[in-house]
Every structure is written in structure tokens, then in C-alpha cells.
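Peer 1: The listed protein sequences correspond, in order, to chains A and B. For the first sequence, counting from 1, position 9 maps to 9 in the working numbering; every step adds exactly one. Convert by adding 1000 to the 1-based position in the second sequence; the result is the number in the working numbering.
Hints may be right or wrong, so weigh each one.
Short derived list, chain B residues pointing at chain A, Cβ under 8 Å [claimed, not checked]: (1) P1084; (2) I1104; (3) L1117; (4) T1121; (5) V1135; (6) W1141; (7) L1142; (8) Y1145; (9) G1214; (10) G1217; (11) A1220.
To be clear, the hints were calculated from the coordinates, so they are not data collected in a lab. From the three backbone atoms N, C-alpha and C, an ideal C-beta is built for every residue, glycine too.
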Amino acid sequence: MSYATYQVIIAGILFANFLLISAYALWRKDARPEILRAGALLNLLGAACWGFAAYFSSEDASNALQSIVYNVRAIPFDAAIAYIAWLLARSIANNRPRAADLLRNAWLLIGACWLFGFVVGLFLPVPALEEFGPTPPEFLLLKVRNGAEWVVLLLVLVVFAGELLKRETPSRTVRLQNGAMTFAAVCFLALASNFIYGSVLRVLSLSPAEKSSMIDLHLYAETLLLGVGGVAYMAGLFLYHSHEERERLLDLFREWIKLRHDIETRFDLAYSNGLECGDATGYFYRACTYLELTSEQRQKALDLVKLLSILRTEPDDTLLGRLSDVHERLRRNSGLASRVFVQIDGRVLYDIRHDPLFSAAAPAISLFRLRTTLFLRRSEDWTQLAALLAADAGFLPAPVAHRLLREHPPPIKRNVLSAYECAKTAEKLTR
Amino acid sequence: MLRDRLSALFLPKRVPSIRSRSAGVQQLREAYENLLLSRDRGTPGLAKEAEAAWHAQVAAFVASLIPYEEYVRELALLGLKGTPFTGDAYSEALANKLDLRIRILRPTNVALERRQLGRTTRHPDSGDLTVEIPVRLGRGWLYNYTLLHELGHVAAGHPPLPSDLAEETLTDLEPPDERLARKAPLTSGLPKEALLALYEAEAELRAQHGMLAGSLGQLALGTERLNQVS
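Extracted from the complex, chain A is given alone in its bound form (with noise of 0.2 Å):
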């Protein structure tokens, strides 16, 4: 088989394959149009770059040419690494940020080096297409991208991997998922790490024994690495579409909105009109704008405090500690949480951990169940401010307002302690 066929089978085959995702996509409407759609498109880069490959590579091509086409038959392969980098950053957005802004970017370094090496392609040519023919040493100049798919491939490993060795996994299907997306991206390291050892084999120059021999090994670790890999990554995306954890999910946020709706219920019962402890809604908003607090944390201190005085009412705290539990699991969850659509007083919120009521929760459970003041002592000003309202107001057990307020050394800070008094001071003397 000439190598001419082989590129046009190979374009065959992901043309056939870019055919068969568009018609399942045109068939099943709502079947993950991103992915798929994103899916025929990689195909179809595939199809077209290894036909222009098929079409311009032959046994007399110039250097030049061969470089080129050797560059184009790369493309679809580099953006399929660049999109999977950019799938994980997205889904890690929240948890690990410093992570999801490298795998973002990846493309960057990845198109970068692509280019260097189609540059260095134009200006010196090399037989790159005669496959493990005698290559001069710029051969490895135009192979640099191999290097920063390496790279890129060893975040990944390094995020999959991570995510495996997290004991707080929701599930057992989530731990398979990533168990098997670790092992593939261990696999597809290990081939970045082949493609490089081809590379540098084309270039050494050995005895036909000794390279025939390296060559051999070089071929049946890329076709088994390659091989094992994709069966991994196929099992990691088949997991992906488990119905358990999807209904489990969908049940979570459906129990999410029950709870909410009766705490948001409770709210409008216990505050038709507003904050109402007496002349603390005064000096309260004259304490945010000294700590100057943003609006964001405004509302959070005033949904600590609404949730604090709702548990003077119904000292059983169970119907908070659910909620608090739920928004916890949810939040655990990275693709559901950061893609929520929420309304929050007239502004739209794309990220359920910017819920300012669900930021609340948690301290407002700890206030109530005081122990140990520790936690105040590590909190932010929106909740200490809360903490000394709803002590002032009477929303504690006077126990707990007692530790709060006479405590020594005091488990407030200091400047939101004087915010505080000074707003206090402030507010009586305009009256």
C-alpha cells in the first residue's frame, strides 16, 4: 500500500466518521450538541487535512512540500488536545482556577509551537514525510509541538489524577470515570513521550540492525498505547453518560429548589417589610459602607442574619442543616454548579456559589450551634458584621451573644468592631 493510500483511507475514515456524529446529531436533537457538534467538526478538520496530505504528498515531493503537508496532517490532532485541555478547564473553573487558566490556554502553546515548527518547515525543508528515512537534525525543530502537547498532556494527567486521589468523590461512577480518564491520559502521555522518541530515533544516525530494531518498538508502543488509550478514553466518556448520576443529580437541584422555596418562604413570613430589628437596618447598611462591603457581601450578611433570626423562631435547625448539606453536594459538582442560571434580586447569577443566601448558610449554622468561637476569628467582616447584628438584635442564644460579645480577646476584629459602634454612634446622632 503506497503512502498515499494510506493518508486517503485514513481521510476516509474520519470523513465516515464526521458522517455518522452529524447523523446522530440531526437524529437525536438534544443528545449533547456541544460535544457532538464539536466532534464533527474534528473530523472533518481530520477528513480534510489528511486528504490535502493524500493529494499533495508523493515519492518526488520537495522538501518543502513534504514539511508542509507533514505540519497540516498535525493540525487535527493538536486541536483535538487544545479542545479536550479547554473541556477540563471548564469543567474546573471553580475548583482549581490556576489549572483551568493554563488548560484554557493551552491552544496558545500548542498553536505557538505549531507554527514555529511550519515556519521552520518553510525555511528548512526536510524529507519529513519518508517515514523513518535518514532525517537531518532540523527534523526536531519542526517536531517541537510534540513538545507542547507533552506538556499539556501531563497537566491533564496531572488534573485527572488528581481528581482520582480526592477521597470527597461523589460517586462510585465519578471515581470509574476518572480512573479511566487517568489511565487514558497516562496512556496518551506515554504516546506524546513515543512521538518524541520517533523523532529523535529518525534523526540518530544507527547501525539498519540497531534501527530497525528501535523501530519496531517505537511502532508497537504507538499502536498499543494508542490502542489502550482510546479504549480507556472511550469507557471515561461512555461512564460520562451514566443515567444514575444524572437523575441523581436533577433529584439533588430538585430537592435544592424545595429547600429553598421554604426558607425564601419563612423570609417573607418573618420579613414582609424588610430587615426588621428596629434601628439596626440603619446603622447596619452605615457598618457596610465604613468596612465597605460590595453588594454581593451586603446581601450575604443580611441573609445570615435573616436565617439567624428565622432560627430563634424554629430553634430546629434540621431544615438549614439539609440545605446547607445539598448546596455542599451541588457545589461538589463543578459542571452542574458553575452552569446554573439563578436570579437573584434582579441580577443574574451563573454560578450557584455566588448565591449569596447559600454563602450564608453555613456560617449561620455555625453562629447558631456556637462552640467554639475559631470560626468567627477566621470569618470575613460580611460575617462578623452579621454576627454582632443578630447578637445585638437578639437573634442568638444569649449564651452564644454572651461568648460574642464579651469573649477575651475578642473573637471579632477590631475594625469591624469600631465600623460597627462608630455606625451605631452615627445613626443615633442623626436621629
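Fit chain B to the given chain A structure using the hints.
Peer 2: Then chain B, alone, in the frame of chain A:
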């Protein structure tokens, strides 16, 4: 007490199953009669049990009326399937689809029943709908939920409530012609209070479906997967 705890641990909770609409109505009627009977007897334990059975029956019936997949089908008719939406967007889409005029009023004070957060009335001549939601609910989460609840009544085609429930009966009122639901709502076969409880439960379930679909958009669709990498 130990027996109760053991049975709670080992026996699965009985969830009423609805085989058909007429069988469901029959089961509802029986559960409601049981509830009235136990209330008359004045035994608190029995009344509590009968009330729980009634609520379970209502929940099962309502879930059979509007399962989540059916709600998504309705959203497709409104052009909202697979997209995040608010109560206001749902209202606009519903008004367009049913060729109605829906006004949302935010009065400072509105006379509401206990535990009621909003009210929908229909103009006797023009048929225009007015949804009243007190201004104190702001424009946040609870406002959205309440609006979706009120519009749930409209989508289900529930008969507009009379101003004085004590004097009028539901049988005097015809359900409106325009509705989004495939089937007409139940207007007979049950006492008035039971029907009202059923309507409220259906609107509540519709609001929950709406909050789920509106908050998650494409994620809440049947075949969309919610997992780590998404």
C-alpha cells in the same frame, strides 16, 4: 414506637401508583373521604395519617398529570426548551402562544390567602389575565418561583377562582379554552376543596419543573449529561 421505627427502616414507603386518570380520581376521592372521616372522629393520630395519605395521593396524581418530560414538551411549544429562562420570559412566551394578555402587577398590598404568595385573576369580559405578586418579594428567586406557580395555573387551564369561594362552586365555572396542557383539568368528581388542593399541587409541581428547567437550561434536558467534564 420501636415497631414504627423498625417498619420505617425496613419497609419501603408506599408510593401510590396511578394506573389511569379515572382510577386516580377514584383513589383521590377515597383518600379525601378518609381524611374527612378521620377529622370527624377527632383522633389526632388517625387524622395525621389520613392527611399524609391524601397528600401522597395528590402528589402521585399530579406527577402523573405533568411529569417532567411533559413539561419539557410544553417548553418546546413555547420555544424555551433547553434554554435558561425567567418567570417573565415564560409569561411572555405563554401569552404569545395562547394569544392572551398577561399583566404582572406588583401591588404593595394584596389580599392573599394564608401561605399564598401570588394571585391570578381573569377579566370577565376581555379574558385578560392579571398576576398579582406583592412588591415585597422583590425580583429575585421567590418572585420567579411565584410567577411560575401562578402561570402554572394558566398553562394547566385551571378554572379562574371565584372571588368568594364560600358562595360559588367550581362547577359554576368553565375552564378556559386556552391552555398549554394536553388534557383539560379535572373539574368534577371531587369536592371543591379537594379540586383546589389538586390545582395548587399541580401549579407547585409546574413551578418546580420550571425552576429546574429555567435554571439549568440544556443541562436539564433528558439526554444531557451532568457529570464532571461537561
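Peer 1: Hint by hint, which ones does this structure get wrong, listed from lowest number up?
Peer 2: Going through the list in order, the structure violates hints 2, 4, 5 and respects the others.
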